[in-house]
Every structure is written in structure tokens, then in C-alpha cells.
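J.: Just so you know, the sequences run in chain order A and B.
According to the numbering used here, the stretch in the first sequence is residues 19 to 196, in order.
According to the numbering used here, the stretch in the second sequence is residues 2 to 127, in order.
In short, the hints are calculated from the structure, not lab data.
Cβ coordinates follow ideal geometry from the N, Cα and C atoms, glycine included.
Keep in mind that a hint or two might mislead.
Label-pair ranges, simulated between beta-carbon atoms [claimed, not checked]: (1) B:T22 <-> A:G138: 13 to 21 Å; (2) B:E55 <-> A:G138: 13 to 21 Å; (3) B:F75 <-> A:N70: 32 to 40 Å; (4) B:R34 <-> A:A53: 38 to 46 Å; (5) A:G89 <-> B:F20: 23 to 31 Å; (6) B:A45 <-> A:N70: 50 to 58 Å; (7) B:L88 <-> A:E135: 39 to 47 Å; (8) B:L88 <-> A:G151: 49 to 57 Å.
Covered stretches of chain A, as calculated for chain B (at least 3 residues, CB under 8 Å) [claimed, not checked]: (9) 52-60; (10) 98-109.
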Amino acid sequence: MSTIRIVQYFDLLAFTSEKAARQFAIADDNDTITAGGNPGEIRHRYQNYFVNQQKRRGNRRFDFVPFRSEGTVSNIGGDNNLVQILFPNVEIGIRMVEQGNGNRLSRLTLTTAWLNENDGEIKSYDERFLGLGASFSETTIELRFRSAMDSVGATFPGRTLTRNLVGPLPLSSDLRLQ
Amino acid sequence: MAEFPKIKPTSRTFTLGSFPTKTYRALSGKITRRNFGNKAFGHAIDLGFDNIEENIVKLIVDHYNEQDGQTLGFTIPLEIFSGLDLLQSSLRSPSQTLWFYAEAPSIASVYRSLSSVAVKLVAEIL
Chain A
19 MSTIRIVQYF DLLAFTSEKA ARQFAIADDN DTITAGGNPG EIRHRYQNYF VNQQKRRGNR
79 RFDFVPFRSE GTVSNIGGDN NLVQILFPNV EIGIRMVEQG NGNRLSRLTL TTAWLNENDG
139 EIKSYDERFL GLGASFSETT IELRFRSAMD SVGATFPGRT LTRNLVGPLP LSSDLRLQ
Chain B
2 MAEFPKIKPT SRTFTLGSFP TKTYRALSGK ITRRNFGNKA FGHAIDLGFD NIEENIVKLI
62 VDHYNEQDGQ TLGFTIPLEI FSGLDLLQSS LRSPSQTLWF YAEAPSIASV YRSLSSVAVK
122 LVAEIL
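For reference, chain A alone in the conformation it holds in the complex (with noise of 0.2 Å):
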């Protein structure tokens, strides 16, 4: 038998107001959320594996919410990925959004790591995606991202695709370069 332990870290960088930013990052005790490099930035760090307890990762704390991440790794035609963050339906997660302007634009590095037995981390991997929106629910907040790359777009530049340029080649005939 196989036993995975997996944490995830949510650390995303939010834009709002710069008033708002900056209540948002005193009223914080526990310095998961703090401000950003620049005005009206404002940055939220969670994990979702240690309960009630906060972890340090590197210089960076994670504050305990039990989030679930839901969406594509990767397909054939090379699109960009969609991913949906699960949040209760709390506090926490209703400020993000509305003070974060809607959760567009925002910025997230989601990373997975693997734990030995002793909740010690052996490996992990950092992804990145941009903010697209939210929506809300009685029980839960669904915050929606997609992958800041994507192969094929109306404004790719008119050069010559090679493996060397762009890598694996999308292999759908749905390639449009203007």
C-alpha cells in the first residue's frame, strides 16, 4: 500500500484600494495576510493539509482554510488551464473576494508538496495562474484561475513555429496567426 500526503499553499497576490489593502493587512494578527510590494497590493497565504495550525515555509506563514483545488493539468491542444480554488463560504473568503476587486487579475502561485510520515516535505511544485473571477454559493466561494501561458492566441507573433521557439507543437489544426 501507497499512502500520499499532499499540502497545498495558496499565495495570492490581490489587487484592491489602497486604504483598503492596507486595513485589510493590519487587521490581520497572524501575518498571513500582508501587504504587497506596491500600493493597493495585498497578499493572502493559506495551506490546507496542518488543521488549525500555521506553517512556515521558508520566510512565509500559512494560515490553516481547508480550500480544495478542481481543474485541468493539461490537454492535447495546448490551452490554458482552468482551475477552480473551493473556499468556505466564511469571513475569510468573502473579503478576499470583494476586497480583492472580484479576484480579477490577481496573481496565484498554487504549490503541491509531498510529505513523508513524519509530515516532513520531500518534493513540491509551484504553478501559476491569474485570477479570473469568483462566484459564491451558500456553502462555498469558488475562486476561478487559468494559466498565464497559452499556446495558441489572435495576437501570437508572425514568426516560424518551431520546437526550439515554443515547444511541444499543438497538434489540433485550430492555429490562427495574424
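Once you have looked at the hints, place chain B on chain A.
T.: Quick look at chain B alone, frame taken from chain A:
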């Protein structure tokens, strides 16, 4: 957070909590388990209070109503674990949990003012 009434039960059953896990079994039969958290949840206690007087039944009814039914969490008193020594501490307060009514208590009328009450409690992570 009102504590459960201090009444010694006539019967009690404890079930330990589970860890949040999903299992994938391949066609070969090998299984892989993914663990989603480091705390157990869903510890359960079934309590029976047989042939108790109305005023004691009312304590349980009032407590259930004070907790808004299954909405608010509470602690349980030592009396529930009467007779247990070593086990008491780990069963009474599982790590970072509170007790909730798993379902509404059921009351069976036995004779005049005597009734039997069955209570099911479950411990959930805060």
C-alpha cells in the same frame, strides 16, 4: 458553549474518529491512500439514559434547544466518562474538536414520568 448536562448514562458506546482519506484501488488490487489532513474527525459517542425522571429529560431537551439543535458545539462533562480512568482524557476531548448533536435525541416514554433517552454525539474539528 453550554456543557452537556452532568448525568451518568446507563449505556455508552465510543467510536474513534477517522482521518480524511480517499482510497484508489488499481485493477491489480494495490491500493493507494491519499491523506487530506493531519487531524481525525467524526469521533462518536452514543449515550443511553434509561428510566430517568422528567426533570432530567428536560435538562437534555433544554440543552439540545440551547445548542440550536445540531448547530453549536459544546463540551461534555466528566460524569459521562464515570468509571473510566486512562481512556477518559483522550475520549472526552479529541484534539481541536467540539461535540455536536449528530441527530436529535429520541425519548421513549416508559412509565408515567419515567422515560428513556438516546443521544448521539459527534466531535467535529473546529
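J.: Now tell me, hint by hint, if it's right for this structure.
T.: Hints, one by one, checked against the model:
no., hint, result
1, B:T22 <-> A:G138: 13 to 21 Å, "holds (19 Å)"
2, B:E55 <-> A:G138: 13 to 21 Å, "violated (57 Å)"
3, B:F75 <-> A:N70: 32 to 40 Å, "violated (18 Å)"
4, B:R34 <-> A:A53: 38 to 46 Å, "holds (40 Å)"
5, A:G89 <-> B:F20: 23 to 31 Å, "holds (25 Å)"
6, B:A45 <-> A:N70: 50 to 58 Å, "violated (21 Å)"
7, B:L88 <-> A:E135: 39 to 47 Å, "violated (26 Å)"
8, B:L88 <-> A:G151: 49 to 57 Å, "holds (51 Å)"
9, 52-60, "violated (count 0)"
10, 98-109, "violated (count 0)"
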